[in-house]
Each structure stands twice: as C-alpha cells, then as structure tokens.
Amino acid sequence: EPEVTQTPSHQVTQMGQEVILRCVPISNHLYFYWYRQILGQKVEFLVSFYNNEISEKSEIFDDQFSVERPDGSNFTLKIRSTKLEDSAMYFCASTGRGGSGANVLTFGAGSRLTVL
Amino acid sequence: RKEVEQDPGPFNVPEGATVAFNCTYSNSASQSFFWYRQDCRKEPKLLMSVYSSGNEDGRFTAQLNRASQYISLLIRDSKLSDSATYLCVVNLPEGGGNKLTFGTGTQLKVEL
Numbered sequence: 001e002p003e004v005t006q007t008p009s010h011q012v013t014q015m016g017q018e019v020i021l022r023c024v025p026i027s028n029h030l031y032f033y034w035y036r037q038i039l040g041q042k043v044e045f046l047v048s049f050y051n052n053e054i055s056e057k058s059e060i061f062d063d064q065f066s067v068e069r070p071d072g073s074n075f076t077l078k079i080r081s082t083k084l085e086d087s088a089m090y091f092c093a094s095t096g097r098g099g100s101g102a103n104v105l106t107f108g109a110g111s112r113l114t115v116l
Numbered sequence: 117r118k119e120v121e122q123d124p125g126p127f128n129v130p131e132g133a134t135v136a137f138n139c140t141y142s143n144s145a146s147q148s149f150f151w152y153r154q155d156c157r158k159e160p161k162l163l164m165s166v167y168s169s170g171n172e173d174g175r176f177t178a179q180l181n182r183a184s185q186y187i188s189l190l191i192r193d194s195k196l197s198d199s200a201t202y203l204c205v206v207n208l209p210e211g212g213g214n215k216l217t218f219g220t221g222t223q224l225k226v227e228l
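Residue numbers (my numbering), protein chains in the order written: chain A, 1 to 116; chain B, 117 to 228.
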C-alpha cells in the first residue's frame with residue numbers, strides 16, 4: 001500500500017535553531033499538507049500546498065514557518081527559529097484530489113520535534 | 117463553541133460490548149465528515165467516511181444528522197484491538213480545499 005514517509009522520526013533541537021522536516025508524499029498525489037499535534041491535544045491544520053504554492057494556511061503558520069517542494073518528490077516544512085511551544089508531532093499528509101468533496105488524506109507516521 | 121466537539125472519554129468497555137461515540141460540529145456549511153482512528157503516538161488513520169444516508173463497515177456504523185450537526189460512530193462486538201482514540205473530523209469549506217478540522221478525540225479502552 002502506498003505510504004507517506006517522513007524524516008526524521010524524532011528531532012531534538014535548541015530553542016532558536018532552524019529545523020527542516022521532510023516528507024515524501026504518495027507519488028501520484030497532488031495536494032500536500034502539514035498538520036501538527038501538541039502532546040495531549042488535537043491535530044491542528046498548518047498549511048496546504050498545491051501546484052507549487054500555498055493554497056491555505058492557519059494562524060499557527062506564521063512567518064517562522066515555510067514549506068517547499070524542492071524537487072519532484074520531497075515536501076519540506078522549515079521552522080526558522082524554533083520556540084519551546086513548537087514542540088509537537090508534525091504530520092505530513094497528501095491526497096490525489098482537491099475540492100470540498102469526500103477526500104481522504106493519507107498521513108505519514110509523523111516527525112516528533114522537541115525544542116529545549 | 118468549538119468547531120468539532122467530542123466527549124474525551126475514556127470509555128472503558130468489556131470485550132464484546134457495543135459502544136457509541138458522538139460528535140457535534142459548529143459550521144453548518146461543512147461538507148465532508150470522517151472518523152479517524154489514532155493509536156498512541158501514531159498518525160491518524162481513516163476509519164470511515166460518513167455519508168448522509170449512514171453507512172456501515174463490518175462492526176462499525178456511522179451516522180450523520182445535518183440538521184442537528186451531529187455525527188455518531190457505533191462499534192459493535194468491540195475487540196481489544198479497537199482500543200484507540202477515535203477522532204471526529206470535518207472538512208470545512210474555507211478556501212475550498214481540504215482543510216480538515218479534528219475533534220480532540222474520544223479514547224476507547226476495551227478490556228478483558
């Protein structure tokens with residue numbers, strides 16, 4: 001079964017450092033997403049990406065965050081200067097269909113970010 | 117009012133029991149509805165989509181009441197392996213994309 005892969009599985013960083021989380025979406029998917037889940041809290045939308053540009057972003061996705069699809073396979077989330085409150089599990093997801101229909105997202109296993 | 121609201125539980129039930137989870141959503145323009153399952157420290161995985169007519173998949177039955185903005189999930193003959201957190205998920209139409217909004221989840225523990 002096709003899957004979304006994420007690296008690293010766990011990253012520990014010092015506050016103020018830059019972090020890049022990487023994702024390889026399912027190969028024929030066109031829409032890509034980042035979600036995050038702070039420990040014990042709900043899964044929250046960060047950003048959606050289509051056709052090499054951000055299609056929507058949440059209030060959480062401020063100027064410290066950026067996304068990029070540098071080649072045909074990787075989709076990255078960069079946090080420029082990490083804060084303690086960025087500690088969370090970050091999930092990448094992808095889907096082959098857009099629009100408001102019954103679209104199913106496939107999630108990666110997540111990258112756990114710990115900011116010290 | 118929360119966008120998607122669920123009873124956090126936990127629901128502790130014996131094997132073989134029937135258990136029901138409820139969820140309400142605030143935006144009446146929501147168009148797609150799902151139940152996801154999340155095991156501890158794992159990614160959410162789709163359990164089933166929820167259709168207006170209601171739908172069943174084996175031991176799982178989902179219902180949608182658009183008038184009441186209410187979604188339910190029924191699990192029959194529960195098994196130990198059903199222990200997980202069940203996430204009610206709604207696709208809000210903002211921006212026309214697939215911005216899923218998750219509830220906080222309802223934790224289920226199935227016991228011997």
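The hints are simulated quantities; they were obtained by calculation from the structure and are not laboratory data. Just so you know, not all the hints are guaranteed correct.
[Claimed, not checked] In silico DSBU-like links for lysine-lysine, alpha-carbon gap of 35 Å or less:
{"hint": "1", "chain 1": "A", "residue 1": "K78", "chain 2": "B", "residue 2": "K158"}
{"hint": "2", "chain 1": "B", "residue 1": "K161", "chain 2": "A", "residue 2": "K83"}
{"hint": "3", "chain 1": "B", "residue 1": "K158", "chain 2": "B", "residue 2": "K225"}
{"hint": "4", "chain 1": "A", "residue 1": "K57", "chain 2": "B", "residue 2": "K195"}
{"hint": "5", "chain 1": "A", "residue 1": "K57", "chain 2": "A", "residue 2": "K78"}
{"hint": "6", "chain 1": "A", "residue 1": "K78", "chain 2": "B", "residue 2": "K195"}
{"hint": "7", "chain 1": "B", "residue 1": "K158", "chain 2": "A", "residue 2": "K83"}
{"hint": "8", "chain 1": "A", "residue 1": "K83", "chain 2": "B", "residue 2": "K195"}
{"hint": "9", "chain 1": "B", "residue 1": "K118", "chain 2": "B", "residue 2": "K158"}
[To be verified] Some chain B residues well away from chain A (every beta-carbon gap over 10 Å; in silico):
{"hint": "10", "residue": "E159"}
{"hint": "11", "residue": "P160"}
{"hint": "12", "residue": "Q185"}
{"hint": "13", "residue": "L190"}
{"hint": "14", "residue": "L203"}
If you're wondering where the values come from, they're calculated on a predicted model, not measured in any experiment. Quick reminder that beta carbons are idealized off the backbone N, C-alpha and C, glycines included.
Outcome of the hint check:
Restraint check for K78 of chain A and K158 of chain B: the C-alpha separation of about 22 Å stays at or below 35 Å, so the hint holds. Proximity of K161 of chain B to K83 of chain A is assessed by CA-CA distance (about 29 Å); at most 35 Å being required, the pair is judged to hold. Distance check on the hinted pair: K158 of chain B and K225 of chain B sit about 16 Å apart at the alpha-carbon level, within 35 Å; holds. With a C-alpha separation of about 39 Å, the suggested pair K57 of chain A and K195 of chain B falls outside the 35 Å cut-off, and the hint is violated.
Note on K57 of chain A and K78 of chain A: the hinted pairing holds, with a Cα-Cα distance of about 14 Å set against a maximum of 35 Å. Simply put, K78 of chain A and K195 of chain B have alpha-carbon atoms about 41 Å apart, too far for the 35 Å limit, and the pair is violated. A threshold of 35 Å between alpha carbons decides the hint, and for K158 of chain B with K83 of chain A the separation of about 23 Å falls inside it, so the pair holds. Of the pairs offered as hints, the one joining K83 of chain A and K195 of chain B is violated, with about 41 Å between alpha carbons and a cut-off of 35 Å exceeded.
Using a Cα cut-off of 35 Å, the hinted pair K118 of chain B and K158 of chain B holds, with the two alpha carbons roughly 24 Å apart. Distance check on E159 of chain B: its Cβ comes as close as 4 Å (rounded) to a Cβ of chain A, failing to clear the 10 Å threshold; non-interface status is violated. Not every Cβ of chain A is farther than 10 Å from the Cβ of P160 of chain B; the closest lies at roughly 6 Å, contradicting the non-interface assignment. At roughly 17 Å, the least C-beta separation between Q185 of chain B and chain A is larger than 10 Å, which holds for a residue marked as non-interface.
Distance to chain A confirms L190 of chain B as a non-interface residue, since its nearest Cβ pair spans about 20 Å, more than 10 Å. Annotated as non-interface, L203 of chain B brings its C-beta within 10 Å of a C-beta of chain A; the closest such distance is 7 Å.
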